[in-house]
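Chemist: Protein chains in written order, with our numbering: chain A, 1 to 320; chain B, 1 to 320; chain C, 1 to 320; chain D, 1 to 320.
Take the hints with a grain of salt, since some may be wrong.
One copy or two, either will do: identical chains are not told apart, so a pair holds if it fits within one copy or between any two.
Dumping the calculated DSS-like pairs for lysine-lysine here, alpha-carbon to alpha-carbon at most 25 Å [said to hold, decoys possible]: (1) 248 x 297; (2) 234 x 34; (3) 34 x 313; (4) 281 x 313; (5) 94 x 236; (6) 34 x 281; (7) 236 x 281.
Think of the hints as simulated: they come from the structure by calculation, not from any bench. Note that the structure is a prediction, hence the values are computed from the model and not measured.
4 protein chains.
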Amino acid sequence: MINHIGILTSGGDAPGMNAALYGVVKTAQHYNIKVSGIKKGYEGLISNDLISLDIQTLQSSMHLGGTILRTARCDVFKTEQGRACAINTINKNKIDALIIIGGDGSFKGALWLAQKSNIQLIGIPGTIDNDLAGTDFTLGFDTAVNTSMQCIDKIRDTAESHNRVFVIEVMGRDSGYIAAYSGLTSGADSILIPESRNDIESLLNNLDDFHSDHALIVVVAEGDEVGTQEVCEKIKSVNPNIDLRLTKLGHLQRGGNPTASDRMLAIGLGSFSVHALLENKTGMMVGIINNRYCLTKFAGVIKKHEISEEVNKLLAIFCR
Amino acid sequence: MINHIGILTSGGDAPGMNAALYGVVKTAQHYNIKVSGIKKGYEGLISNDLISLDIQTLQSSMHLGGTILRTARCDVFKTEQGRACAINTINKNKIDALIIIGGDGSFKGALWLAQKSNIQLIGIPGTIDNDLAGTDFTLGFDTAVNTSMQCIDKIRDTAESHNRVFVIEVMGRDSGYIAAYSGLTSGADSILIPESRNDIESLLNNLDDFHSDHALIVVVAEGDEVGTQEVCEKIKSVNPNIDLRLTKLGHLQRGGNPTASDRMLAIGLGSFSVHALLENKTGMMVGIINNRYCLTKFAGVIKKHEISEEVNKLLAIFCR
Amino acid sequence: MINHIGILTSGGDAPGMNAALYGVVKTAQHYNIKVSGIKKGYEGLISNDLISLDIQTLQSSMHLGGTILRTARCDVFKTEQGRACAINTINKNKIDALIIIGGDGSFKGALWLAQKSNIQLIGIPGTIDNDLAGTDFTLGFDTAVNTSMQCIDKIRDTAESHNRVFVIEVMGRDSGYIAAYSGLTSGADSILIPESRNDIESLLNNLDDFHSDHALIVVVAEGDEVGTQEVCEKIKSVNPNIDLRLTKLGHLQRGGNPTASDRMLAIGLGSFSVHALLENKTGMMVGIINNRYCLTKFAGVIKKHEISEEVNKLLAIFCR
Amino acid sequence: MINHIGILTSGGDAPGMNAALYGVVKTAQHYNIKVSGIKKGYEGLISNDLISLDIQTLQSSMHLGGTILRTARCDVFKTEQGRACAINTINKNKIDALIIIGGDGSFKGALWLAQKSNIQLIGIPGTIDNDLAGTDFTLGFDTAVNTSMQCIDKIRDTAESHNRVFVIEVMGRDSGYIAAYSGLTSGADSILIPESRNDIESLLNNLDDFHSDHALIVVVAEGDEVGTQEVCEKIKSVNPNIDLRLTKLGHLQRGGNPTASDRMLAIGLGSFSVHALLENKTGMMVGIINNRYCLTKFAGVIKKHEISEEVNKLLAIFCR
C-alpha cells in the first residue's frame, strides 16, 4: 500500500513539469496519499531536502514554465556515499514510491534504489526534444515547438520586409523533432535535421535560381551534421549576393508557460503515474501512444532516432 | 485525372484554415495541379468569385487566424437557381475537384454537386468545437483551447489576488470539449459540460465549506443545460457571501494565430486531401485518428456527443 | 531615519504590482532598509499578517500579474477597533513608513494613520483604469490596453471572415481610457466612451450605408452611458439585416503578465517612492508626468474625467 | 495644396510601420487626400512601383509586424540616373508630398528631392533602436523591448530551474536602450551597454561570491564594447565553476505584432505627419517629446548617444 509518494524533476527542465506535479498531487489527494516534493532532483534525495506540495500552490503554478522543485544533474548520486544518503532519506520519510520527471538517464539512474529498498519507481518523460521511445510525445515538446514557431513567425516579418534568407537554428541535439515541427508549421522552405540526408543539397539546388524576390527560411536542428555556420557558408558559395542572416534561438525554447497540449499531457501522465503505482507497477515510464496512456520498462526507454513516417512524408513535399 | 482543384471555407471560421490552404496548395504544386480559391464559401461558387492561390502568399498568411477566402453560410446554395450557377462555375473553370473546409453541414450540402457533375469532393473538418465523428481533432480546436486557457490564466491572476469565485463561460454550443480541455489545463475547480450530469451538485456541495481563503474557478460550456447565469444564482443561494464574478469569453475564442498543433493538422490534412483526390476518393472527410490520417464518408460525419474516456477519467478526479 | 518600510496592495489588483514590490525592495536594499510585505491590503495591517520580501523571490515574480501580497477592500479599517489594531501592528514591528499601491480611496483611507503615529505614507497609483490625476499613467493600464487590443485583434479575425459587426465592451467604469487606447490601436471604426457625447449618433449615421462588405468594430467602455445592449438594439433598429455580435471582455483584462512599459513604470515609481521617503515626503502619491517622476498630495489625487487632448484629436479623425 | 501623398518605408523594418500607414491614410482620407504606397523604399520611387492604399486593407494589417510596402537600402538612389527616375515618378504621379518612415539616413537621403521638385518631405522615426534625437521614442522600440523581455522571462524559467548564469545579447548596435529597458523589466542582475563604463567590473565583483544558489541574468547590448563572448570568458576566469550559458536573441526582436504603445505612436505620428504637411512643413521629422508631437529639422535628427537620466538612475541601483 502506498501512503507517501516522493516526486522530483531531474535533468533538463521542460515546460509542463509543474503541471505534472499538479496532476500527481491532485490524483494522490483523491486516494488520500501524501506527496512530498524533492528539491533539485537526486540532490534533494541525498540531502533530505523535501517540501510538502499542496493543491492550491500547484493550481497557482501549474501554468508556469520551469520547475518549482528545481532540477540538477547529480554526480554524487552515483557514489556509494550518495546512495546511502538517498536510501536514508527514503526510509526516514517512509517514502513508498518515487515519481521521476525527466529523461531516460534520470530513470535508469534510479533502478538500483529498488534493489536497496522496497520503493516503487515510475518515470514521466520530461524533455523538450521528444526523443524517447515509449511515448509519442514528451512533456515540453509542444511548448518548445510553439515557442520556436512563434519566433520564426517574427523572423518572417523582417525576412519578408527585406526578401532576405534566414538560417535559424532550433534545439534538438540528436533529434530533428523540434526542427521538423517548428519548420513545417512556420512555412519554412527547407529543414535540415540529423535523421535525414541530402537536405542540404536539395536546399542548395533551390537557391541556384533564387532571385531575392521573396523571403526564404531555412530551419536547422542544433544536432544536424551540417552546422548552421557551414550552412551559411554553403549558401554563400552558391550565390554570394544573397542577403543572409543567421539566428540561433537558444535556451528561450526551454522556458515559457506550457501549452494546453503539454498541460493535458502533464496532468494525464501525472494522474496515470499514481494509478500505475496503485496497481503495483514499478521501474516503468508512463507515456502516451495513439492517445492512450501506456507503460514501458525503463530498459526500453531508449532514444528515438527516427521522425515518424507521417511527418517524413510532409517534409518530402513541403521542405525539399 | 485532376488538373484543377477548387477550395473553399464554409460555415464558422476556425484558426488553421489558412494553413490548410497552404497544405493543399503546396501538395498540389508538387503534382502540378492548379488550385483556385473560392471566396465566401458556396457564395463564391455561385457567383464565380475565384482567386488564384500562390505559394508565397500562403507562406505569408498560413500563420494568421480567420480565412483569407472569407466564409459564409449560404442559403442560395439550396435553391435550384443557385445550384445551376454553381455547376456553371465548375464547368466554366474546369474544376475537377472541390475541397471544402468546414463542418458536417458544409460537407453534406455539397453532395448533390457530385450527382450533377463529375466533380470529386473532399472535406476537411474545420471547427473549433471538436464535435465531429471521423476525427480525433478538428482544425481550430487546439487554438481555441489555448486561447481560452490563457484567458483563464489571466483571470486566475485577479481571482487569486482577491480570493474570488469566477464562473467563466467558454464556447461549445453542443459540446463540452473546449470547456473540458481549457478547464483541466487551467487548474479549474469545477467544469460544467453538456455531456455529463450532476456536475452542478458536486460544485454546490464543495462550496458549502468554502471560506474565501483561496480562489475558485468554474468553467462552463456555452451549451451546458445549466446556463452561467443560473450557475451564479445557485452558487449565491448556497453561500450568499461569496465574492462572485461572471465572464463570458465569447468570440475572441474563434480568432488568433493557430497553434503549432493546429498548423500541423492543417497541413497534414490539406496534403492528405490532395492525395485522397489523386486516389479517386470522393464524398469523404479527411481526419486524424490515433495519429494517422483517415477518411470517413460524409454520411458518417455526424456530431460527437461524448467526451473521450481518457478525458472523462481526468474530469472525475480533477473537477468534481 | 527610515529602517523599516511596510508595503501593501489595496483595492483592485493591477498588473505591475509585483514589479513595484521589486522596485521598492531593490531600492530599499540599496540603502539598507528592511521591507515587509503586508498581506491582503489593510486587512493584514490590522491582523499583523506580515512577510519578509527578499530580492530573489521578487526577481522571480515581478513578471507575473496579480499581487503576491493579495489585496482586499477592507471595511474594518474604518472602525475604531480596526484602527487600533493597525497602529499596534505599526508600533510592534517598528514600521517607519508605509507604501500603499492602489487607488485614490486606498491612499486617503490611510491619512489618519499619520495622525496617530509617526509613520510616513507614500502611494503608488495602481489601477488599470488610468483615471487618476497626478500621473499620466497608472500601473496596469498599458497591460490592460494590450490585453484588450489583442482580444480585439482576435475578434477581427472572425469578424473579417464573415464581414460581421462586433460590439465589444472593455473595462473602464468611469473612464474611457482603455476603450480609447484599445479601440484606436486595433483599428476600431467607432469608440463609445463616457467622456464624450454624440458618438453613438455618428456610429448610427455611418451604418446607414453599411453593406456588409467588410467587418466593423465598435468598442464601448463599460461606463458609457449607452450600454452595450442598447448599442446593439440601436444598430439593429437602423439596419436589421446587420450580422451583429456582442462580446464583453470582462475580468481577463485585469490579469496577465505586465508589459515592459508597466514594469518600467512599476520599478521607476517603486524606486522613487523610497527616495521620496528618504527625503521625508509623506501623504503623497508618486506619479509620472511628461516622463518625469513627481509627487501629488493625497488630497489632489482625484479621478480624471477627461481624455487627453492628443487622444481626443485622434478619436475625432479615426473613430467618428 | 496637397492632393496626393506618397509614402514609403526605408532602411530596417520596425513593428508599427503598418500602423503608421494606417494613421497616414485615415487622416489623409479625412481631408480628401489620396495616398499611394511606394514599394521597397526608394527603389520603388525609382522604378515607379506604386500601389494604392485603402483603409480596409490597412485596418486588416495595421496589427502586423514588418511592412506591407517592403523596405530596402537603395544605393541607386545616390546616382544621377536613379535620382532622375525618382523625380520622374514624382512628376508623372503628381505626388505633392512624401512621407518617409525610417531612420536618420533615410530622411537626409531625400533632401535633394526638395531641390529638384516642389515636393514636401516629412519623416517618421521608424527603428527599434530608439537612438534618434528629436523624439523620446521611435516606432518599434516598445515592441522590441517587450519581445526581448518576454524572451528573457522564458530564459529565466530555465535559468532558475538550474541556478544558472545566462549572458543574453539583445539588439542595439550603437545604443543600449533595448538592453536597458529589457534588462530592467526582466529583473536582470547586470546590464552592459555602450553608453556606460565599468559595468563589467561591477558584474565580475558580484560574481566573486556567487554560490550558484540562484539564477543570474546578464543582458548585453549588441554594440557594447565588451562582446558577449568576452563577457563569458571573463566570468569563467573569475569563477570557472559557474554553469554559464550564452544566448543571442537576434532578428526575432525586429518582428512580431506591434504593441499598443507602438501602434498609438504610429497612428499619432502618422496623423501628425499629414497635419504637418497641411501646414506646409517640410524637411522635418515628426516625433514625440514629453507626450506631445513635435517637429525636428532633418539636420537635427542625429543619433542619440545617451540613455535618459531617469533610466540611468535605475540602472545604478538595479543592475550594478
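Chemist: Hints first: check each against the structure and report whether it holds.
Modeler: So, going through the hints one by one against the coordinates:
Taking the shortest alpha-carbon separations for residue 248 and residue 297, neither the intra-copy value of 36 Å nor the inter-copy value of 40 Å comes in at or below 25 Å. In this assembly of identical chains, the alpha carbons of residue 234 and residue 34 never lie at most 25 Å apart, being 58 Å within a copy and 33 Å across copies at closest. For a Cα distance limit of 25 Å, the shortest separation of residue 34 from residue 313 across copies, 21 Å, qualifies, whereas the shortest one inside one copy, 47 Å, does not. Proximity of residue 281 and residue 313 under a CA criterion of 25 Å is satisfied inter-copy only: 19 Å between copies versus 37 Å inside one chain copy.
In this assembly of identical chains, the alpha carbons of residue 94 and residue 236 never lie at most 25 Å apart, being 63 Å within a copy and 42 Å across copies at closest. Taking the shortest alpha-carbon separations for residue 34 and residue 281, only the intra-copy value of 18 Å comes in at or below 25 Å, while the best inter-copy value is 51 Å. For the identical chains of this complex, residue 236 and residue 281 are neighbours neither inside a copy (56 Å) nor across copies (45 Å), given an alpha-carbon limit of 25 Å.
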